[in-house]
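Q: If you're matching them up, the sequences are chains W and U in order.
According to this note's numbering, the first sequence is numbered sequentially starting from 1.
According to this note's numbering, the second sequence is numbered sequentially starting from 1.
Mixed in with the good hints, there may be bad ones.
Not the full set, but computed from the structure, chain U residues with beta-carbon under 8 Å of chain W [said to hold, decoys possible]:
#1 Q11
#2 Y126
#3 E185
#4 P186
#5 V189
#6 S279
#7 M283
#8 E286
#9 G365
#10 Q398
Please keep in mind that the hints were generated in silico from the structure rather than gathered at the bench.
Built from N, CA and C at the ideal position, the CB exists for glycine as well.
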Amino acid sequence: MIEVRWHGRGGQGAFTAARLLGAAALCDRKFALAFPSFGPERRGAPILAFTRIDGRRIVDRSALRSCDFAVVLDDTLMGPHAADGIRQGGALLVNSTRPPVEWASLGVRVLTVDAGAVARAVLGRAIVNTGMIGALVAASAVVSLDAGLRAVQSEMRPALAEKNEEVLRRCHDLMKEHLVG
Amino acid sequence: MSVEATARQPQPLFMSGNEAVAWGARLARPHVIAAYPITPQTVVIERLAEWVAEGTLDTEFLHVESEHSALSACMGASALGARTFTATSSQGLLYMAECLQYASGGRFPIVMMNANRALALPWNIYGDQQDSLAVLSSGWIQVYIEDAQEALDMTIQGFAIAEHAEVLTPVMLNLDGFVLTHTYEPVDVPAQADVDAFLPPFRTPSKMSLESPTSMGFTAGPAHYTEFKVQQHRAILRAERVASEVDQEFGRRFGRSYGGAVVPYRCEGADVVLVTLGSVSGMVRETVDALRTRGVAAGMLKLRLMRPFPEREIVQALSTARSVGVLEKDVSFGHQGAVFSEVSSALAGSAARPALLNFVAGLGGRDISRNDVEQMFDQLQVATVRPPGERVRFANVQENGNG
Numbered sequence: 001m002i003e004v005r006w007h008g009r010g011g012q013g014a015f016t017a018a019r020l021l022g023a024a025a026l027c028d029r030k031f032a033l034a035f036p037s038f039g040p041e042r043r044g045a046p047i048l049a050f051t052r053i054d055g056r057r058i059v060d061r062s063a064l065r066s067c068d069f070a071v072v073l074d075d076t077l078m079g080p081h082a083a084d085g086i087r088q089g090g091a092l093l094v095n096s097t098r099p100p101v102e103w104a105s106l107g108v109r110v111l112t113v114d115a116g117a118v119a120r121a122v123l124g125r126a127i128v129n130t131g132m133i134g135a136l137v138a139a140s141a142v143v144s145l146d147a148g149l150r151a152v153q154s155e156m157r158p159a160l161a162e163k164n165e166e167v168l169r170r171c172h173d174l175m176k177e178h179l180v181g
Numbered sequence: 001m002s003v004e005a006t007a008r009q010p011q012p013l014f015m016s017g018n019e020a021v022a023w024g025a026r027l028a029r030p031h032v033i034a035a036y037p038i039t040p041q042t043v044v045i046e047r048l049a050e051w052v053a054e055g056t057l058d059t060e061f062l063h064v065e066s067e068h069s070a071l072s073a074c075m076g077a078s079a080l081g082a083r084t085f086t087a088t089s090s091q092g093l094l095y096m097a098e099c100l101q102y103a104s105g106g107r108f109p110i111v112m113m114n115a116n117r118a119l120a121l122p123w124n125i126y127g128d129q130q131d132s133l134a135v136l137s138s139g140w141i142q143v144y145i146e147d148a149q150e151a152l153d154m155t156i157q158g159f160a161i162a163e164h165a166e167v168l169t170p171v172m173l174n175l176d177g178f179v180l181t182h183t184y185e186p187v188d189v190p191a192q193a194d195v196d197a198f199l200p201p202f203r204t205p206s207k208m209s210l211e212s213p214t215s216m217g218f219t220a221g222p223a224h225y226t227e228f229k230v231q232q233h234r235a236i237l238r239a240e241r242v243a244s245e246v247d248q249e250f251g252r253r254f255g256r257s258y259g260g261a262v263v264p265y266r267c268e269g270a271d272v273v274l275v276t277l278g279s280v281s282g283m284v285r286e287t288v289d290a291l292r293t294r295g296v297a298a299g300m301l302k303l304r305l306m307r308p309f310p311e312r313e314i315v316q317a318l319s320t321a322r323s324v325g326v327l328e329k330d331v332s333f334g335h336q337g338a339v340f341s342e343v344s345s346a347l348a349g350s351a352a353r354p355a356l357l358n359f360v361a362g363l364g365g366r367d368i369s370r371n372d373v374e375q376m377f378d379q380l381q382v383a384t385v386r387p388p389g390e391r392v393r394f395a396n397v398q399e400n401g402n403g
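In isolation and in its complexed conformation, chain U is listed as follows:
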């Protein structure tokens, strides 16, 4: 949604990020939903199950015994050409790990919501992005969502992208646990007829069928395996263009669009730019505005897609920056934040060589305040004139000397 307040006509509903995802899924008319409840995703499943029970949603809802079974069931349904939805979080996503690769390799266009949540140990039900970034290479398109309206709209768009004939790749929609999944905000719910016109029924090109039997889910040895993987890689790369086209078409029909794989904010001529993912972006944008009024040439680059990775757009958006920070809620232990590695790698091929800092924050649900973000920009300003030293910086750490 654009930053400018749009006219409030008709009055939106007041709902949480989870409820917005459930509405998006409902409007997409999935044939099959198979899911296992887990905090903080539970409300998505509850709402969908309630609608099925009361008869307002005509879907086969499979109550399975685990996340591994949930995604397995989704693959089975998808192989029959069913539009298929699921949702998970954290440990549940990892429990699916084997099936994630199976689903993307099988080219099943499943749409899955993931409520971003910390990983054990220590056990923690609060939000961070360690879960989805740990499965970055699983072959799924990864979208990071900023607010509840985008959550609803991207659940619908997600099917259009996943099922596109040039893509046929599953989509993972990531919502920050609690700060997005459990926060209530105004959401416009599109009319079913308009969604039906935007998202026609899924027609799979390879249906498991008794009428025209075909081999699916098969073995491929060294003679053929690579060719499957190359096709899979090319398909997910095409998703970047397709996602952008789908978003533009959505914008034409519904008056809301979200930009492409990246959304630069005041990056033109910016000295210091903070790269963000997900729901923290709104507050960072306001911080950028405040800094600009104080004469600091600040900018923000929001990444909406982590896979496919929008390398070209990132290089372009950061071409004038003298220092770039990456704010993320995860760390690849023994190295740095996963997003920082990706952004650094993209910039290695660019003419501009900004100073790079990695801000790891919000782990296990720790609040990220405006003051924290202002301090990150302060550090980025220092980095424009002095070599930064330690580049991976944890925000708000209480050091007790025990290492």
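The shape of chain W in the complex, shown without the other chains:
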């Protein structure tokens, strides 16, 4: 089972990202579970969201104790909390203009992508949740790129879907280049 933890602030779409990733797993004919950190939502307050993906039906609804990947939508949330419990072979993905070396002290593999710039260029605002799905797909192959795009297509309103597919694809390509380079 693959477990992904999403870090964001209320209003940034972290739970939507968790849900889209789960929907993408279904497009890949896998099983998924997605849930937010439960409770009241406040704009701007730090929130967590979670996606579990597996080849068989998932029945464990208890809280995640560790994860394969943590994805941070806002680099003001970076710190030991974001790196906590990332398993061996996993990574911490961050939307940031800064290089990964700035977080070397966290002791986990950090990958950064400037999804904010992509989102501003395509959407006209810095909503990076679909971009970070693209980056995660490039770094991890937890779902296929095609499945990620199809999930955005089927789960988002048509007016939003097309541009978000573009953001997802561009961030995917940026991360791929970064990993190859």
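Got chain W sorted already, so can you dock chain U onto it with the hints?
A: Just chain U, lined up with the frame of chain W:
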């Protein structure tokens, strides 16, 4: 749904437990929905209201000012023969308390979803089962749901059970707040035509009508009251068989069924069995599998119905167990967990006399981990060889010495 993964054809939708309930209600084509929003049930009401607003659901949606009014409106509609749906949670369920007994006494086959949530004080919006178990004796059929697919399917089945001529009793569908209501998972949505064929329109045997006036909602003094209550009691008892038949018919038509009032898992020959309700059952089942591979004869007994209470099935499923634990998210203050009392009472009449332990966990939304469940099984194993002492055990309590 069976534990085995079924073939993914066609691709299911990815939805939450709340959305699954809304889909079930929509497919059942209720004439009237009257509800008041409350966390964590809100999304059920939002989706249904959206569908009514956009014209995809032809239902009279009554926006009422309270839960008391919601259920009162449901009774009025049901008296006219309308198929009626509502949903609530926690404080809202308790605010309905007076109407709960009214609805069951009036034999109105309303289907209600309850998002299981803690009760104040302290104020808490998270999940536990204190709310529904506090109204166990209100005359409603109580179903406890494990996952979102079952939530959708049981909302449809709920009407078939409630409206059955031998039952005519309201149904409460309980979903663990947040862990089930707010978790997204794959759900197959049946075709409307198939649901229509399974669930024909409701025909009430006692309609409030100007053409053939009849007395409804009346007074009964000592000379007659008992006979009404005996009829009510017998009707809800019949719901156990009817629910099982409805589930089998549903399985024939849709390829999914959920078992009867109880679902034993590896109970045959089990030494230690944990009794569960609701959404924690999946993880307990996996824990049982892990324990079995380590040579521990563990089992699980999931209760799907708390009312009518499946006493005979429980006794049968637990006949070989040397110790039995009941895992529940509530406590009857000053005694023990409500489910534990019921299970203990059932076993008092059985030949097997297993050691009994009550694990109270998950109060106010506290997570129940696999490690917690493994520890419960450890305690059950100890209880097979030593008298257990204090039987009511709270999982994961931080003791600070203040009592």
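Q: Would you mind marking each hint as holding or not holding in the structure?
A: Hint check:
| no. | hint | result |
| --- | --- | --- |
| 1 | Q11 | holds, 6 Å |
| 2 | Y126 | holds, 6 Å |
| 3 | E185 | holds, 5 Å |
| 4 | P186 | holds, 6 Å |
| 5 | V189 | violated, 13 Å |
| 6 | S279 | holds, 6 Å |
| 7 | M283 | holds, 5 Å |
| 8 | E286 | holds, 6 Å |
| 9 | G365 | holds, 6 Å |
| 10 | Q398 | violated, 17 Å |
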